[in-house]
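One line per chain: the protein sequences are A and B, in this order. Read in the UniProt record's numbering, the first sequence has 266 at position 266, and its numbers run on one by one without any break. Read in the UniProt record's numbering, the second sequence has 47 at position 47, and its numbers run on one by one without any break.
Calculated directly from the structure, the hints in this document are not laboratory data. Built from N, CA and C at the ideal position, the CB exists for glycine as well. Check the hints yourself; a few may be wrong.
[As the list claims (entries may be wrong)] Facing chain A, according to a computed beta carbon distance under 7 Å, are these residues of chain B, among others:
#1 P49
#2 P51
#3 A59
#4 L74
#5 G75
#6 G205
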Amino acid sequence: MSDVTQLPATGFSLPKLGRFRGLANGILGIGILLVLWWLGGWIVQNSDDLFAFADFAPAPTLSRLWEMLMDGEVVEMSGPSLMRVGLGLFYAIVIGVPVGIMIGRMKRLNEVANVPFQFLRMISPLSWMPIAVMAFSTWDGAIIFLIGMAAVWPILFSTAGGVRRIDPAWLKVARNLGANPLHMLFSVILPAIAVDILSGIRLALGVAWVVLVPAEYLGVTSGLGYAINDARDTLEYDRLAATVVVIGVIGFALDALAGQLIRKFNWVRSDGH
Amino acid sequence: MDFEIHQGEVVALLGRSGCGKSTLLHMLAGLTHPSEGQVVINGNVVEHPSPKWVMMFQAPSLYPWMTVAQNAGLGLKFTRRSYEIAKRVPEVLDLVDLGAFADRNAQELSGGQQQRVALARSLAPRPEMLLLDEPFSALDAFTRRSLQQDVRKIAKDLGLTLVIVTHDVGEAVRMADRVLVLKANPGRIAEDTQIELSEEERGGGSDAFGREHARLMSIYAEVAEMGDAPVENDFTRLSE
Numbered sequence: 001m002s003d004v005t006q007l008p009a010t011g012f013s014l015p016k017l018g019r020f021r022g023l024a025n026g027i028l029g030i031g032i033l034l035v036l037w038w039l040g041g042w043i044v045q046n047s048d049d050l051f052a053f054a055d056f057a058p059a060p061t062l063s064r065l066w067e068m069l070m071d072g073e074v075v076e077m078s079g080p081s082l083m084r085v086g087l088g089l090f091y092a093i094v095i096g097v098p099v100g101i102m103i104g105r106m107k108r109l110n111e112v113a114n115v116p117f118q119f120l121r122m123i124s125p126l127s128w129m130p131i132a133v134m135a136f137s138t139w140d141g142a143i144i145f146l147i148g149m150a151a152v153w154p155i156l157f158s159t160a161g162g163v164r165r166i167d168p169a170w171l172k173v174a175r176n177l178g179a180n181p182l183h184m185l186f187s188v189i190l191p192a193i194a195v196d197i198l199s200g201i202r203l204a205l206g207v208a209w210v211v212l213v214p215a216e217y218l219g220v221t222s223g224l225g226y227a228i229n230d231a232r233d234t235l236e237y238d239r240l241a242a243t244v245v246v247i248g249v250i251g252f253a254l255d256a257l258a259g260q261l262i263r264k265f266n267w268v269r270s271d272g273h
Numbered sequence: 001m002d003f004e005i006h007q008g009e010v011v012a013l014l015g016r017s018g019c020g021k022s023t024l025l026h027m028l029a030g031l032t033h034p035s036e037g038q039v040v041i042n043g044n045v046v047e048h049p050s051p052k053w054v055m056m057f058q059a060p061s062l063y064p065w066m067t068v069a070q071n072a073g074l075g076l077k078f079t080r081r082s083y084e085i086a087k088r089v090p091e092v093l094d095l096v097d098l099g100a101f102a103d104r105n106a107q108e109l110s111g112g113q114q115q116r117v118a119l120a121r122s123l124a125p126r127p128e129m130l131l132l133d134e135p136f137s138a139l140d141a142f143t144r145r146s147l148q149q150d151v152r153k154i155a156k157d158l159g160l161t162l163v164i165v166t167h168d169v170g171e172a173v174r175m176a177d178r179v180l181v182l183k184a185n186p187g188r189i190a191e192d193t194q195i196e197l198s199e200e201e202r203g204g205g206s207d208a209f210g211r212e213h214a215r216l217m218s219i220y221a222e223v224a225e226m227g228d229a230p231v232e233n234d235f236t237r238l239s240e
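Construct the complete structure from the given sequences, taking the supplied hints into account.
The following block contains the structure:
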């Protein structure tokens with residue numbers, strides 16, 4: 001039948017966004033955040049008590065951010081911070097992955113380590129600050145230690161969980177084919193848990209980035225945390241807010257990078273069956 | 001328990017669940033140690049797994065992060081013969097009719113194809129003996145039948161010794177030259193019998209196949225009924 005009754009178009013529907021839907025929604029979210037920020041700035045500017053902080057508003061912040069980008073200040077203050085987070089994360093991985101594999105493989109060790117690890121994990125990394133300052137001869141060392149203390153737990157527990165979920169048949173097959181312990185580690189265990197390790201690193205990165213700023217309030221004279229403290233002392237609120245934006249953008253980018261890595265190493269094919 | 005298996009022979013270990021046939025196979029593979037006595041292959045006592053006697057399990061257990069070819073080459077890699085992979089892996093994949101699937105991810109394959117990859121993986125290091133632990137039990141009847149025939153043919157062509165654990169009388173008749181019927185509590189060999197069938201007759205359907213099947217079934221039933229444990233099995237159902 002060709003003359004199908006045409007139903008009148010009813011209601012209003014958004015244009016189909018297809019694969020750009022995620023991007024469009026992301027932009028929408030950012031837009032809402034900017035509006036709220038602008039609204040906050042407007043309220044501050046029109047308040048008798050708060051107008052001194054008007055530079056926190058988007059317009060002064062973003063123009064200052066542009067300046068800081070152009071004169072290299074952003075790179076200058078991010079470099080040391082990224083270095084510290086990188087090193088802290090590196091030590092957390094070097095310790096967390098092997099220990100995680102061991103407690104994942106050895107039930108007894110897991111039982112022994114569980115209570116002390118859960119105990120240590122629940123201590124805020126920043127409460128180690130006085131000890132770190134005493135134990136390390138440099139401020140940088142202390143900061144890297146604090147970041148490592150924060151980052152090691154997610155990596156360790158995620159690794160151990162991944163090891164426990166390894167199909168025992170994979171180990172049996174490898175042994176049957178003549179695998180030695182190194183083969184077992186590099187050909188079976190590590191590829192099997194790559195995604196778990198990376199998920200742990202992604203969580204650790206988030207924690208490390210959060211711990212970084214208060215840790216950099218310590219004696220150092222470089223980095224994003226220092227820049228925030230310094231801007232507060234010199235009452236440059238536009239610079240302070242711009243630094244906050246930089247922290248957020250870098251943190252977001254690092255997390256997105258970790259997400260990409262996880263996608264790359266994820267061997268689960270959802271269309272496999 | 002004392003028995004000998006000869007080079008190039010296809011032997012089925014037939015028995016009900018729990019009679020220890022799987023454990024026996026693990027011992028042959030060197031994955032489990034016997035509490036007493038020893039397993040000797042070509043004059044060497046088996047103490048460890050070795051690429052010379054490779055076991056295939058019920059599940060193919062392919063590594064999902066590898067391609068079909070990488071899975072098939074693993075035994076060579078583990079035994080420091082990586083230089084053979086480029087030549088040997090296509091050979092064994094052709095042998096199991098999966099030459100065209102070399103670069104596919106193992107997860108994209110069907111259950112039967114995965115079990116074929118597992119077979120290729122076992123064959124790649126050129127083992128002298130292949131130990132199969134009910135390797136086709138998870139497959140549909142049609143796929144199972146074709147793999148039973150193919151595995152026997154490959155083993156015969158390569159002069160490979162094959163030991164198959166099964167509780168399926170039909171599988172034993174189709175595949176084995178010789179059947180050891182095992183009995184539980186304590187585990188022992190209750191019967192050691194030859195299957196006298198030509199390759200054509202093993203396809204099933206012939207009178208000769210039917211006779212061998214009935215003969216083995218009656219031995220199996222008799223052995224099982226002699227068990228100390230109460231027998232709940234309905235053998236008329238089993239013989240379908």
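Do the hints match the structure? See the list:
1. Using the Cβ-Cβ criterion of 7 Å, the hint placing P49 of chain B at the interface with chain A is satisfied: the shortest such distance is roughly 5 Å.
2. Hint status for P51 of chain B: holds, given a least beta-carbon distance of 5 Å to chain A, under 7 Å.
3. Among the interface hints, the one on A59 of chain B holds; its C-beta lies about 6 Å from the nearest C-beta in chain A, closer than the 7 Å criterion.
4. For L74 of chain B, the shortest C-beta to C-beta distance to chain A is roughly 6 Å, which falls under 7 Å, so the interface hint holds.
5. Hint status for G75 of chain B: holds, given a least beta-carbon distance of 4 Å to chain A, under 7 Å.
6. Restraint check, G205 of chain B versus chain A: the minimum CB separation of about 34 Å is more than 7 Å; hint violated.
Checked against the numbered hints given earlier, the structure breaks only hint 6 and satisfies all the rest.
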